[in-house]
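Engineer: Next come the chains, spelled out residue by residue.
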Amino acid sequence: MSDANRLTLGEALRALPLAAPPGDEWALLRERLNPAQRRASAWRRYALPTALAAALAGAFVVLRVPPASRPATVAHVAASSSTNGTATARIHNAQNAANPAELAQLQLRSQSLERWLRQTGRDAAPLQGQDLAAAAEIENLLGLVDVELAAPRQVQAQALWQRRVALLEDLAALRYSNYRLAAGGATAASWQID
Amino acid sequence: MEMVSASIFQIDLPAALIERVKSGDSMAFEQIYRRFERPVYTLALRMLGDAEAARDALHDAMLKAFQRIGQFRGEAPFWAWLRQIAMNEALMRLRVGERFMVSLEAAGVDADAFADDAPAPWAHADARALERALAQLPAVTRSVLWLYHVEGCTHPEIAAAMHKSTSFSKSQLARGTARLRTLLDPETESVPCLMPIA
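Those protein sequence lines, which keep their order, are chains C and V.
Yeah, the first sequence ends on 193 if you go by numbering that gives the first Met the number 0, and it's all consecutive.
Yeah, the second sequence ends on 197 if you go by numbering that gives the first Met the number 0, and it's all consecutive.
Okay, chain C solo, but in the shape it has when bound (with noise of 0.2 Å):
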């Protein structure tokens, strides 16, 4: 297809008009709006517990990562997080000031992730039910995180950073235990993540 086509067809599907909900939505989501309040407060109460259980449950994978790998300043105090309390994120002592060097360590932290998310994809068995749940929620956390990388200007790329690989780790720990389960235990002694 020629550039001339391309651009015509985007500027007409660009010019279609915008289309609107049926009714006021709004009158219907501020309804939904104030439970999420309470909630996100009642989130904060159970937070500490919540945090510590998870974060017990997510050490498994980190304590498995050869330390001379692992982000120094990422601290692993917390998780839980997301709207459905299925899928965790950990919370990160948030450096605002990037050091270049931490923040190499972490980039590599992530390629080595998402390397080794790809190989178990292909071994693993699929995920089901509130792991399939807990996994597409981190991707699309981890989705918002991306587009914050994408920005040109980058002040906190180093706490963006942390998160990502936080998100990622937790991704990992989900499907660790998917994919020991397709293996049969047999590779529980082996796996390790670069």
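Calculated from the structure, these hints are not laboratory results.
Watch out, some of these pointers could steer you wrong.
Selected chain V positions facing chain C (in silico; Cβ < 8 Å) [stated by the list, open to error]:
| id | residue |
| --- | --- |
| 1 | 25 |
| 2 | 29 |
| 3 | 36 |
| 4 | 40 |
| 5 | 41 |
| 6 | 57 |
| 7 | 126 |
| 8 | 129 |
| 9 | 130 |
Listed next, the stretches of chain V that the computed footprint assigns to chain C, with coverage defined by at least 3 CB atoms under 8 Å from CB atoms of chain C [claimed, not checked]:
| id | stretch |
| --- | --- |
| 10 | 49-55 |
| 11 | 65-71 |
Everything numeric in this text was worked out from a predicted model, so none of it was measured.
Note that CB positions come from ideal geometry on N, CA and C, so glycine has one too.
Following the hints, complete the assembly by docking chain V onto the known chain C.
Structural biologist: Chain V in isolation, oriented as in the chain C frame:
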């Protein structure tokens, strides 16, 4: 000041408004909602092809935006962050509805059957005809066309969002374009204005 250009989402917001929402101000969120209601709904409607599903996606996307706004660090524009949430909501519904399985490859459309320099019928089609033609495409194909042309997403971005390959995105774009051409071409899709009397 609001600026609307390439993406239908491209509306700039004052940082102070976002900060108010972060502090839990639902009235400030209403202002954001009002500005983005149509872009979110339109994206969902174009991707899903179903008004009720688009309405659900609008509600859930906005609810998640409100709940997660504390995670927004302001590196990227707010509209890009919200658009990602809206895309995720629509894509999730495509997967659940198994509409993800149907694409124009399955329908056997040959994208190569159309010459590069063939005339573009959408240049002359009115909005309703183009909307009708879009509605006839499989949801995945329509989504790829919309994300590429209207939202300016790249093939790798579309592929990542859909958990497909870049070549899948490219082929859907080519095939969807070819199919639109067929649907809009008056030579092949015209309806006579004088119907024979039975």
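Engineer: Hint by hint, which ones does the structure fall short of?
Structural biologist: none
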